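What follows is each chain in one-letter form.
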Amino acid sequence: MSVLIMLLFLLEIIGGIGVFGSEYVQKFIWPNLALIKCINIPYLVLEQIGPVFLIVWITVFIVGGGFYMYIVANGLQQLFPRLNYKLLVLTLLVIVGIGGLIFPNAVLVGYLFEMIRRFSIIPAIGYPVLIYIIAVIRGKGRKNS
Amino acid sequence: MNRHHKFKLAILLLFFLIFLSGCWDFAEVDRRAFVTTIGIDDGPGSKVLVSVQIPNPHKMIPLLNATSGEDSRNFSLISTTASTVNEALNILLTKTYRNLVIEQNKSIIIGAKVFENDNVTDLIDHLTRNPKAPLQALVFICKDATAKSILEATPVQEVLPGLMFVQSAQTTFKYDRTFYIPIWRFEQRLIHSAKDAYAPLISFDPTETTYVEAGLAVFNGSRLVGELTPHETQLFGIITGMMSQGGMTFSLSLGEVTLANLNSKSKIRILLKDGRPYYSIKIFISANISELIKRSNGFMTPQKVIEIEREIEKVLKTELSKVVKKLQKLNSDVLDFGEELRVQHQRYWNQTEWKQEYPTVQFNIDVKVRIRKTGAKQ
Numbered sequence: 001m002s003v004l005i006m007l008l009f010l011l012e013i014i015g016g017i018g019v020f021g022s023e024y025v026q027k028f029i030w031p032n033l034a035l036i037k038c039i040n041i042p043y044l045v046l047e048q049i050g051p052v053f054l055i056v057w058i059t060v061f062i063v064g065g066g067f068y069m070y071i072v073a074n075g076l077q078q079l080f081p082r083l084n085y086k087l088l089v090l091t092l093l094v095i096v097g098i099g100g101l102i103f104p105n106a107v108l109v110g111y112l113f114e115m116i117r118r119f120s121i122i123p124a125i126g127y128p129v130l131i132y133i134i135a136v137i138r139g140k141g142r143k144n145s
Numbered sequence: 001m002n003r004h005h006k007f008k009l010a011i012l013l014l015f016f017l018i019f020l021s022g023c024w025d026f027a028e029v030d031r032r033a034f035v036t037t038i039g040i041d042d043g044p045g046s047k048v049l050v051s052v053q054i055p056n057p058h059k060m061i062p063l064l065n066a067t068s069g070e071d072s073r074n075f076s077l078i079s080t081t082a083s084t085v086n087e088a089l090n091i092l093l094t095k096t097y098r099n100l101v102i103e104q105n106k107s108i109i110i111g112a113k114v115f116e117n118d119n120v121t122d123l124i125d126h127l128t129r130n131p132k133a134p135l136q137a138l139v140f141i142c143k144d145a146t147a148k149s150i151l152e153a154t155p156v157q158e159v160l161p162g163l164m165f166v167q168s169a170q171t172t173f174k175y176d177r178t179f180y181i182p183i184w185r186f187e188q189r190l191i192h193s194a195k196d197a198y199a200p201l202i203s204f205d206p207t208e209t210t211y212v213e214a215g216l217a218v219f220n221g222s223r224l225v226g227e228l229t230p231h232e233t234q235l236f237g238i239i240t241g242m243m244s245q246g247g248m249t250f251s252l253s254l255g256e257v258t259l260a261n262l263n264s265k266s267k268i269r270i271l272l273k274d275g276r277p278y279y280s281i282k283i284f285i286s287a288n289i290s291e292l293i294k295r296s297n298g299f300m301t302p303q304k305v306i307e308i309e310r311e312i313e314k315v316l317k318t319e320l321s322k323v324v325k326k327l328q329k330l331n332s333d334v335l336d337f338g339e340e341l342r343v344q345h346q347r348y349w350n351q352t353e354w355k356q357e358y359p360t361v362q363f364n365i366d367v368k369v370r371i372r373k374t375g376a377k378q
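Heads up: the sequence lines are chains A and B, in that order. Residues in the first sequence are numbered consecutively from 1, following my numbering. Residues in the second sequence are numbered consecutively from 1, following my numbering.
Keep in mind the hints are simulated off the structure, nothing from the lab. Given the structure is predicted, the values throughout are model-derived calculations rather than measurements. Note that beta-carbon positions come from the ideal geometry of N, C-alpha and C, so glycine has one too. Check the hints yourself; a few may be wrong.
As the list claims (entries may be wrong) - Beta-carbon label-pair distances, calculated as ranges: (1) B/Phe-26 x A/Tyr-68: 44 to 52 Å; (2) A/Gly-66 x B/Thr-229: 34 to 42 Å; (3) A/Ile-17 x B/Asn-117: 28 to 36 Å; (4) B/Phe-284 x A/Ile-62: 36 to 44 Å; (5) A/Ile-49 x B/Thr-96: 49 to 57 Å; (6) A/Ile-17 x B/Ser-321: 27 to 35 Å; (7) B/Ala-10 x A/Ile-71: 30 to 38 Å; (8) A/Tyr-127 x B/Asp-25: 43 to 51 Å; (9) A/Met-6 x B/Phe-173: 42 to 50 Å; (10) B/Lys-373 x A/Met-6: 48 to 56 Å; (11) A/Ile-49 x B/Leu-272: 37 to 45 Å; (12) A/Gly-139 x B/Leu-14: 54 to 62 Å.
Unchecked claim - Derived lysine-lysine pairs resembling DSBU-like cross-links, with alpha carbons at most 35 Å apart: (13) A/Lys-27 x B/Lys-373; (14) A/Lys-37 x B/Lys-273; (15) B/Lys-174 x A/Lys-27; (16) B/Lys-8 x B/Lys-47; (17) A/Lys-27 x B/Lys-314; (18) A/Lys-86 x B/Lys-355; (19) B/Lys-132 x B/Lys-143; (20) B/Lys-148 x B/Lys-174; (21) A/Lys-37 x B/Lys-355; (22) A/Lys-27 x B/Lys-8; (23) B/Lys-377 x B/Lys-325.
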C-alpha cells in the first residue's frame, strides 16, 4: 500500500514537472491540483475533472493517513506496551489535526518542510543506531551462554 | 442492543444534525453574472481598463427577448478602470446586481497597446493565482483594436460571442491559420527561459460583422515584438508539428495544388559545430490533394505525384527558412529552439546567454512530403 502511494506521488511529480516545466511548477503551492485544473474536456458536463479528482484525492488521502496512523500507533505500542492502542490513535489524530490547523499558510509549511528535510536523515539513520546502542548496553540479542 | 449502546447511537445521530443546515451561502443561478470573456486594455496613466462580457440568459429565449427600445443583445458588457485587474473586478461588482462569477470564464482578450506600458505577466497574475479563475481560459491578442471594442461587437453567427472563440479552439481544423493557447501555457512560456510566448490574434470585421481569428502575436520575454501572418502561422505550425488538419495551396509547374489534411511532424537535432549549436530540422508532411488546377491535361501518374512532392518540398524549404529567420530577427523563440538546446546539450545551455545567441544560430531544414490521396485520377 505504502509503495503504491509513493509510486502515485512520484508519477504525479513527474507529470507536474513534465507539463509545467521546472520553472513554472515552482509558482504553484499545489502543482498537482493545478495540473488537474488544466485538463480540459470539452462537451462533457463538467468540462473539467477537478471535482472528480478531489473526491479521489480526499479518499486516498484519508486511507493513506489512516495507514500511517496505524503504523505509528502500532510501533509506539510495541515500544511502550503499557500504552492503550485506541487512545494512542485518538491522541495522534488530535496531534495531526492541530498540526494541520496551526500553520497560518502553505508558504510557512513549505518553508518549515524545507528546513526539516535537511535533518530528516538524522532520525532515519539515528533511530536504528540508537536502538542498537540501547540493545548493546542492556545486553539484549546475545545468545545465552 | 442494550440501553447504553442505544444512548450512544442517539448521541451520534444528533451529532449529524449539524450537517443538515445545508449550504448557507448559495446563490441562485439567476443571481449570478457568469463572466464568459474578460478584456484587458491600457487605461489612462498606469491604470488598466477591464471589461467583462456577461450573458443575459432571458434574452436568449426568443419569446422573452427584448422589446423595442431595449438593448437586444444577448449579453451585457461592463467595464472599469483600475490599478490592477483584481481591483477592477472588485469594482465591477458594484455595476451589477448579480454576483460576478469568473469560474466559467472562457477567454481573455488583451489589447495590443497594453504591452507598450504594462508587464503582461503582472496583468494576468490574478487570473492564474486566483484558484477560482480557470486555467484553461484561452488568451487572445487584439490586433488594431481594443479588447473592449472586440467585446462590444455583436457578431451575426453566434448567440454569445465569448463562446465563439472557445468553439473555434475546440475544432482541430482551426489549428492552421492560428494556434490557440490556454492562459497557463501562455504564462508558462512567458516566464520560461528557454521558450517564448505566442497567442492568437483576433480582430473584428465590421462589414461582415464577424470575428477574424488569424495570425499569431509573438513575444520576446514579456514584450510583444511582432506578428506572424496567417500564412506564416501555417508554416509555424508545420515546424512545431502542431498542424494536424491544415490546408495549403502551392503554385507549381504542374498548376495550382491545394493540399488538405496536412499533417506535420518535426525532429530537431542539434550539433555543436565549432563550439556553436547547429540546428538540423527534419520535417515530415503527409497530405491529400484536394484541388488541382492543371495547366495541361493528362492522367495522374506515380511520377507526377513524386514531382509534385519534390516541388512542394522545395517551396516549403524556402518559406520555412524565411519564417525561422523572421523569428530570429524578432528574437522570439516561439519554435522552442532554446528548449531543444537545454534538453540536448545541458552543459552548453548552462554556459550560454541564449537570447544573445538565438538570432544568429545556424540551421538547416529538410522537408519530406508524402501525398497519400490524390482524390482523382486526373
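Going down the list of hints, with the structure as the test:
1. B/Phe-26 x A/Tyr-68: 44 to 52 Å: 36 Å, violated
2. A/Gly-66 x B/Thr-229: 34 to 42 Å: 60 Å, violated
3. A/Ile-17 x B/Asn-117: 28 to 36 Å: 34 Å Cβ-Cβ, so the 28 to 36 Å window holds.
4. B/Phe-284 x A/Ile-62: 36 to 44 Å: With a Cβ separation near 49 Å, B/Phe-284 and A/Ile-62 fall outside 36 to 44 Å, so the hint is violated.
5. A/Ile-49 x B/Thr-96: 49 to 57 Å: Distance hint for A/Ile-49, B/Thr-96 is violated at roughly 30 Å.
6. A/Ile-17 x B/Ser-321: 27 to 35 Å: 34 Å, holds
7. B/Ala-10 x A/Ile-71: 30 to 38 Å: 35 Å, holds
8. A/Tyr-127 x B/Asp-25: 43 to 51 Å: Holds, at about 48 Å.
9. A/Met-6 x B/Phe-173: 42 to 50 Å: 43 Å, holds
10. B/Lys-373 x A/Met-6: 48 to 56 Å: 50 Å, holds
11. A/Ile-49 x B/Leu-272: 37 to 45 Å: 43 Å, holds
12. A/Gly-139 x B/Leu-14: 54 to 62 Å: Given about 57 Å between the Cβ atoms, the range holds.
13. A/Lys-27 x B/Lys-373: 48 Å, violated
14. A/Lys-37 x B/Lys-273: 43 Å, violated
15. B/Lys-174 x A/Lys-27: 31 Å, holds
16. B/Lys-8 x B/Lys-47: 62 Å, violated
17. A/Lys-27 x B/Lys-314: Judged against 35 Å, a Cα distance of about 44 Å means the pair is violated.
18. A/Lys-86 x B/Lys-355: With a Cα-Cα distance of about 63 Å, the restraint between A/Lys-86 and B/Lys-355 is violated, given a limit of 35 Å.
19. B/Lys-132 x B/Lys-143: 29 Å, holds
20. B/Lys-148 x B/Lys-174: 24 Å, holds
21. A/Lys-37 x B/Lys-355: 32 Å, holds
22. A/Lys-27 x B/Lys-8: 48 Å, violated
23. B/Lys-377 x B/Lys-325: 39 Å, violated
In the structure shown, a violation is registered for the earlier hints numbered 1, 2, 4, 5, 13, 14, 16, 17, 18, 22 and 23, in ascending order.
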